[in-house]
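S.K.: Protein chains in written order, with the working numbering: chain A, 1 to 258; chain B, 1 to 278.
Hints in this document: simulated from the structure, not taken from any laboratory.
Hints may contain errors.
[Stated by the list, open to error] Each pair of labels, with its calculated beta carbon distance range: (1) Thr60/A - Glu124/B: 24 to 34 angstroms; (2) Ile244/A - Pro257/B: 52 to 62 angstroms; (3) Ala255/A - Asp105/B: 27 to 37 angstroms; (4) Glu229/A - Asp105/B: 22 to 32 angstroms.
We treat Cβ as the ideally placed atom computed from N, Cα and C, and that holds for glycine.
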Amino acid sequence: MSTQLERGENVVIGSLAQIGRCGLFLLRILAAIPSSLRYARETVRQLWFVGAMSLTIIMTCGLFIGMVLSLQLYHVLSIFGGTSATGSVVALAVYRELGPVVTALLFAGRAGTSITAEIGLMRATDQIAAMEMMAVDPIAYVAVPRFLAGLVAMPLLCCVFCGMSIFGGQLVAVDWLGVDNGTFWSNMTANVDVWDDVINGVIWKSLVFGAVIALIAVFQGYTTPPTSEGVAYATTRTVVASSIAILALDFVLTAFLM
Amino acid sequence: MTETVQAQPEDRALVRIRGLTTVLNGKTVFDKLDLDIPRGKVTAIMGPSGTGKTTLLKHITGQMRGAAGEVWVDGFNVSKLSRYALFELRERIGYLFQNSALLTDFDVFENVAFPLRQHTKLPEVLIRNIVLTKLQAVGLRGAASLMPAELSGGMARRVALARAIVFDPMLILYDEPFVGLDPIALNQVLKLIRTLNETLGITSVLVAHELEAIKQVADHIYLIANGKVVAQGDPKTIDHDGSPWTRQFFGGDADGPVPFQYPAGDYAQALGFKQGAA
Chain A
1 MSTQLERGEN
11 VVIGSLAQIG
21 RCGLFLLRIL
31 AAIPSSLRYA
41 RETVRQLWFV
51 GAMSLTIIMT
61 CGLFIGMVLS
71 LQLYHVLSIF
81 GGTSATGSVV
91 ALAVYRELGP
101 VVTALLFAGR
111 AGTSITAEIG
121 LMRATDQIAA
131 MEMMAVDPIA
141 YVAVPRFLAG
151 LVAMPLLCCV
161 FCGMSIFGGQ
171 LVAVDWLGVD
181 NGTFWSNMTA
191 NVDVWDDVIN
201 GVIWKSLVFG
211 AVIALIAVFQ
221 GYTTPPTSEG
231 VAYATTRTVV
241 ASSIAILALD
251 FVLTAFLM
Chain B
1 MTETVQAQPE
11 DRALVRIRGL
21 TTVLNGKTVF
31 DKLDLDIPRG
41 KVTAIMGPSG
51 TGKTTLLKHI
61 TGQMRGAAGE
71 VWVDGFNVSK
81 LSRYALFELR
91 ERIGYLFQNS
101 ALLTDFDVFE
111 NVAFPLRQHT
121 KLPEVLIRNI
131 VLTKLQAVGL
141 RGAASLMPAE
151 LSGGMARRVA
161 LARAIVFDPM
171 LILYDEPFVG
181 LDPIALNQVL
191 KLIRTLNETL
201 GITSVLVAHE
211 LEAIKQVADH
221 IYLIANGKVV
231 AQGDPKTIDH
241 DGSPWTRQFF
251 GGDADGPVPF
261 QYPAGDYAQA
271 LGFKQGAA
């Protein structure tokens, strides 16, 4: 029993220490941003890699989530004779919760893992050490561009996800189930508030999620033991830590922004 | 502060190590090690595997700091330099990694051009000419457009060598430069090291095990074992100095002051041939 308690204690202390190290790493990233401005081309390259290359999965998932949401809501609302509200409920669900959260989870799985694996392999093959030896700061050259790319890409991808979800919802509700097109869109525009639902729901949340995922991914890659097993564990930790952080932060942000 | 960092500029040794003590994972790698690397010479560091030769290079470049002692490079106390000053010093040092450490996102040309692009504002034409000159020197000008994944181990090592010399540094550190090279490439690399030393006066430090290759290129050899310099001298005579260290190392004997076996318990007991074995 005492051994289990000690183990639990070690896990808690280890996790807190890891969060502390991650915080210090964030400070190093922020301090290196001015010197990394000369690597703007690298930042754009990373933006292409984590942003544009994630478009397919984001658009596909957004489309299907909008479709299934519309289908479910139509059948529930039809019990109360409220199918005309399908469009607004789909939009509110997507803007306030599903859009940022699902995009963030997909982004962590698609882009976060690849950032961790790439940096981890760079460390394992001495590329990071080689940069240090060539008097190039790897934080400025490797970490900052990927962090900034994640920060910028997440809100953009979230907007695309939301757009595709609304489109998917319209396809099912209007084109398949026969909800009136004008009612679908007018109800939506009447009930969606740009500030509360789009700015707070989509933009702010996805900015925070983007920063957190990019930080975790870069930190895990940068601090991974230089072995194949170390890279594998780091990649897994990126997904697990990002997912928990996204869901926990979603609650906190929702409570603050409502 | 300046006094503790900056030494006498007329120091004949480019690298001066005094009383270096390093402990890694409870094991003493260096025990008050003293060593000088003379300017403009080719110095070889040899020793049994795991004796800390690569670790010594990491100390010289400030990648590692010892528990005690000082490492001076061109008059600068490396362990006391700020990160900025250390980077300035590293711009004058070339380093050939054991595993080449080429940047996998870039082709051969861009790998060699990388230090030039980071630290200079040279026009593209000049960068191109410098890079092609270095690639020609290592025999890989025709491979400029290949990616690192398309290179053999020996080719990658030669590209890394071209990158290490692209700045014509004052000091080049070669970590196992001859591994994976065929006899032709080995001969050319030996000639290149010697040429760089003779024409540009570049100081070279080689960590290697190939005695015959070392004999062709080095001016001085240090043999390190048990955390100390156990022998040093001229490459032509060092293996005849009669000490048990040199006799075992250069003779390749299993028995001698350097144990071939990693410390372990009783062999027969481990195999279960004695009573009381698990």
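S.K.: Hint by hint, note whether the structure agrees.
M.R.: Taking the hints in turn, this is what the structure says about them:
Between Thr60/A and Glu124/B, the C-beta spacing of about 42 angstroms breaks the proposed range 24 to 34 angstroms. A beta carbon spacing of about 55 angstroms between Ile244/A and Pro257/B agrees with the range 52 to 62 angstroms that was offered as a hint. At roughly 42 angstroms, the beta-carbon separation of Ala255/A and Asp105/B lies outside the given 27 to 37 angstroms, and the hint is violated. A C-beta distance of roughly 24 angstroms is found between Glu229/A and Asp105/B, which places it inside the suggested range of 22 to 32 angstroms.
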